[in-house]
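**Q** These are the residues of each chain, in order.
Number of protein chains: 2
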Amino acid sequence: MADHLVVFTPSGKRGRFAEGTPVLEAARQLGVDLDSVCGGRGICGRCQVEIGEGTFSKHGIESGARHVTAWNAVEARYAAKRGALANGRRLGCQARVTGDLVVDVPPDSQVHRQVVRKRAEAHPIEIDPVVRLAFVEVAQPDMHDPASDFRRLQAALAAQWGVEGVTASLPVLATLQATLHAGEWSVTAALRGREIVALWPGLRERAHGMAVDVGSTTIAAHLTDLITGEVVASAGLMNPQIRFGEDLMSRVSYVMMNPGGERELTSSVREALDRLVGDVVAEAGIDRADVLEMTVVGNPIMHHLLLGLNPVELGGAPFALTIDGAYEVPARDLGIVIAPGAYVYALPCIAGHVGADTAGVVLSEGPYLKDELTLLVDVGTNAEIVLGNRQRLLACSSPTGPAFEGAQISCGQRAAPGAIERVRIDRQTLEPRYKVIGCDLWSNEPGFEEATASTGVTGICGSGIIEIVAEMWLSGIITTDGVIDGGLAERSPRIEATGRTFSYLVREGEPRLSISQNDVRAIQLAKAALYAGIRLLMDRYGVDKVERITLAGAFGSHIDVRYAMVLGLIPDCDLSRVASAGNAAGTGARIALLNLRSRAEIEKTVLGIEKIETALEPAFQEHFVNAMAIPNKVEPFPELAKVVEFPTPRESVAESGGRRRRRRDG
Amino acid sequence: MADHLVVFTPSGKRGRFAEGTPVLEAARQLGVDLDSVCGGRGICGRCQVEIGEGTFSKHGIESGARHVTAWNAVEARYAAKRGALANGRRLGCQARVTGDLVVDVPPDSQVHRQVVRKRAEAHPIEIDPVVRLAFVEVAQPDMHDPASDFRRLQAALAAQWGVEGVTASLPVLATLQATLHAGEWSVTAALRGREIVALWPGLRERAHGMAVDVGSTTIAAHLTDLITGEVVASAGLMNPQIRFGEDLMSRVSYVMMNPGGERELTSSVREALDRLVGDVVAEAGIDRADVLEMTVVGNPIMHHLLLGLNPVELGGAPFALTIDGAYEVPARDLGIVIAPGAYVYALPCIAGHVGADTAGVVLSEGPYLKDELTLLVDVGTNAEIVLGNRQRLLACSSPTGPAFEGAQISCGQRAAPGAIERVRIDRQTLEPRYKVIGCDLWSNEPGFEEATASTGVTGICGSGIIEIVAEMWLSGIITTDGVIDGGLAERSPRIEATGRTFSYLVREGEPRLSISQNDVRAIQLAKAALYAGIRLLMDRYGVDKVERITLAGAFGSHIDVRYAMVLGLIPDCDLSRVASAGNAAGTGARIALLNLRSRAEIEKTVLGIEKIETALEPAFQEHFVNAMAIPNKVEPFPELAKVVEFPTPRESVAESGGRRRRRRDG
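Same order as they appear, the protein sequences are chains A and B.
At position 501 of the first sequence (counting the first as 1) the number is 501 in full-length UniProt numbering, and the numbers step up by one without a gap.
At position 430 of the second sequence (counting the first as 1) the number is 430 in full-length UniProt numbering, and the numbers step up by one without a gap.
If you are wondering where the hints come from, they were derived from the structure by calculation, not from laboratory data.
One should not assume that every hint holds.
Claimed, not checked - To spell it out: a stretch of chain A is covered by chain B in this simulated footprint if at least three of its residues, at any positions, have a beta carbon under 8 Å from a beta carbon of chain B; those stretches are:
(1) 146 to 156
(2) 166 to 174
(3) 313 to 320
(4) 609 to 620
Beta carbons: idealized from backbone N, C-alpha and C, even for Gly.
For reference, chain A alone in the conformation it holds in the complex (with noise of 0.2 Å):
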């Protein structure tokens, strides 16, 4: 019989086939990347290629719908049920070779299509998947054989998918038979490895997963389609356990006060997370048991809770973590009603303050893919600071407290609608203009106390004591020490004396805005506790510049990288080389989801990083002492100061007092 030459684009991947073998045959001895759900069978249309017209000189080939079978009756068949297929294309379990041929997978045939990303330094996003589908004709049982239904399910997985020794658990075993009978014998199940995780009678074709973001103030949950990739449904609530206290601190202390209290803070989380499932399943229009995986991410005291593992030990030195490494567990065991088979899989942390949440942020990101030096830095309560590259990886966490974040702060605010989030000064008048949140106008600019009259103008969020302090600096108003200058009360009856320091009014009003001395204070040892942070791991790496930089999670979202900079929270840098990557733990979880590989990828590259305790660093005194200045006491900012105006260094003044005070209240 005549041998066919059969290229596949875009792999290139080509091979000679006997007259009459299917392409989806071909495909799959060649290794080329087709799917199919049903096995070849006509029925899931997932294999469907455009074959090649014309002369494919690159090939050698001449190729054409002439060297292929006729359009058969379950193409058809398939057409009528489903809709016509696009562009001529054919079911590649159906169109068998007849000739050479250049037969061309697009990617929506492909299972390992790539999911793009919207920022161009993030690399895309492969699907490699944990879960696949697979449709299966089971024989039937007879009394002349005895082998139970699960045997002959995986003799039929076997036989048509060549996956052996399939296993299931017992909540998954507990749906077979019934589902073999509403199948009449035919049945799709969700492979995970070589576990069946779900199970539906007939022909099932969708897969779903659930990525999770478990923050100590938020939980945000993605409902993702596992084969294209898509997030198809998002949902948030408020983490339930802030009824046991603001801050993670707290909660330990809870835990601490109360024995057994961590069983409730275990409970509370997953109560949140099982509650978060039926929020996305009823958006997305689908049901529970149709979640067939969940990825979560979260700093180590949420990931061990959710595990229901005591957090105690993280309140204190040494900081023991119970475990460290990726943890997978079947979703029931935590309470969670999703798939009966599914799992949870957590990633790993790094260290005793540096978590899952983390790991997430260095899968999103992938430094240890570039050659790029790249700081991370995700601030919350603590910063998490993660630098390096290809080379070498290097992690510690700062402890900034929550000034960042509007807390501490006197006129400070959670970000919400009515808050100050960007702010300028005038270099000359020391008049302030700001914006708020939910209104577009600048507060000189007409109709701006109309549009936020419903809101009110009630505070300022942590974005906007960035900005303003920068601005204050840049404007002269504080020094390089972060003195509020009393002198400038002659020029600007904003500066006010308030006690021995001064400090700045932003708003007359109710309620009256402004900054005070201990303001800049708290916003300095926040900064200056991120900054230390951020130049160990410089100094440990050996390098006094870094590459780029990527902000990580909300405060990064909202805070302008260049005050950042202006105040020193981060190093010098091309500024068009600094931006803020969202949620990316949030999207660690999602890649963790998608790509079976990344999970491996993740493991092996936390093992890898060198875990630094600030704590235990004599440097870090000295790096804290140098960063409580603005920007810095020692170090320049090269790149910065090509795009931001510095202020005249002038001589600092005297803080009227302030540190005597500060003396005593110590």
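Model the placement of chain B on the given structure of chain A, informed by the hints.
**A** Below, chain B without anything else, positioned relative to chain A:
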């Protein structure tokens, strides 16, 4: 440095070791079976050895206590704390080689010791631990190395025991930090392969498991010492599912009639197992968490219900099992509270009617290890029958019905005090004598009435019915066809006309106990079904004779095998090779608990068993009809004839219309 020859007995393993090598280390290097839990720290005392004294010409060695280092401080501390070592024994981890040695490892220092069984034909149980104990010293947490507690435990198990990549479930991990603290960084891990199923602070030397036989009527549990193999506590419970139906089929009907009823049945059997755990650990004075493994046998319906699998398909043809292979599942998933990571191992089912209980019988009796052709019969409401040897094994079940248990018999009752269990009939006078459960006297001996006054004589149990029908035939009261000979009414007033048939009066009084023609018919039907099943297997194997018959289960324990053969329940065989094995199914569960290799062995054996579905065999009917005769219409019983005097063959007598009546009833 000098090398010394060390020979271990009884293994005969030998090697040369450098001066100063600990005897335990030498044993490990040679693969000698010498136990240790503490890993050579001289605290567990499990590596005790005896040093041979004198000249061992067989080995060419002069051995003696002078060829090991002297008794040391560690041994002195051990002896002071735990008592002196017997017979000049030494701790193998402390005594170091200083000359040639013959070292005897006594049985109690061997991991793979043998557990001797009572019956000579039963092979001994060798211990091959499913779970073993490993004491480790774990590195303390260190701020310079953020490795989690679990990672450091993994490292300790790898370094100190050579077990790499240990895993643990969340309930075990949840105990980790508290256990490390309580044990001051020394803990004992219970390892099941590479998985930790329990952790204790400090040194732990005892390990327990539980073997359970889940019968339709009773559930029996044996708490077993996993190190010595001994049963340390036993407990039984009525199967609480009895409230849903006395026999299995009525429970299946309950599920068919009450959707969701399978969950009630599952809960009730799981709760019963959990209650049995409470009973046996209380009796043994240990904690639930000390039970490290559970094994379970049961018929297919109980097996499926325990695992939460709906049994309705087992209620009708084709009797499809959901699963038939062995299955293991965390005990917590069945709601059974034992060690946090413990598993339940359910033996495999053989076919829709031949369950894990029969697999347990096969494992206990090991016919696949012998050349002798063995017949195993487990009689309950169904009889499970296994025939074969090393070459080949066959199995079937036969629907005997409950007559052998005293049901469907006019004066039948369960085996309980007051039930007649032994009967003899005088061949001349046709007068009976009998024994009842709870009294050692025959009914014609003085003091019988007084001795049984408290219980009364209330009925006839299964073994009594076998004997009385056999004795009726031996004394000529019934013919080979099973007809009670009314002609004998002239000879004995005990032959009474009852309607159109006759009956035999066993005892006057309250209640009046007699055997009716229908009773005889019920026994004939039951025994014919059993024999026809056995005969089918013999046909299939191609034999007319078996070499050994073993009766399993409670019924087998009570009947006199001679009478069983007289009635033709079982085929002819040398009576010295017919015996009861007691609860062989439960013993099979205990073997699977103690010996890891036995699991693979029974799983492989079960796969190789040829399953015969009696309902599909054309020959069944013919065998059944022949077996309605006593002992059989066509089979000679030459072995039986050697020890039992058969009645004079006679012409059949008419049953006086009994057949017609029977036809009307149908």
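**Q** Next, verify each hint and record whether it holds.
**A** Hint check results:
Here the region 146 to 156 of chain A counts 6 residues with a CB under 8 Å from a CB of chain B, which clears the bar of 3, and the coverage holds. For the region 166 to 174 of chain A, the assignment as covered by chain B holds, since 5 residues bring a beta-carbon within under 8 Å of that chain's beta-carbons and 3 suffice. Only residues whose beta carbon comes within less than 8 Å of a beta carbon in chain B count, and the region 313 to 320 of chain A has 5; three or more means the coverage holds. Residue count for the region 609 to 620 of chain A with a Cβ under 8 Å from a Cβ of chain B: 4. That meets the three needed, and the coverage hint holds.
The earlier numbered hints are all upheld by this structure, with none contradicted.
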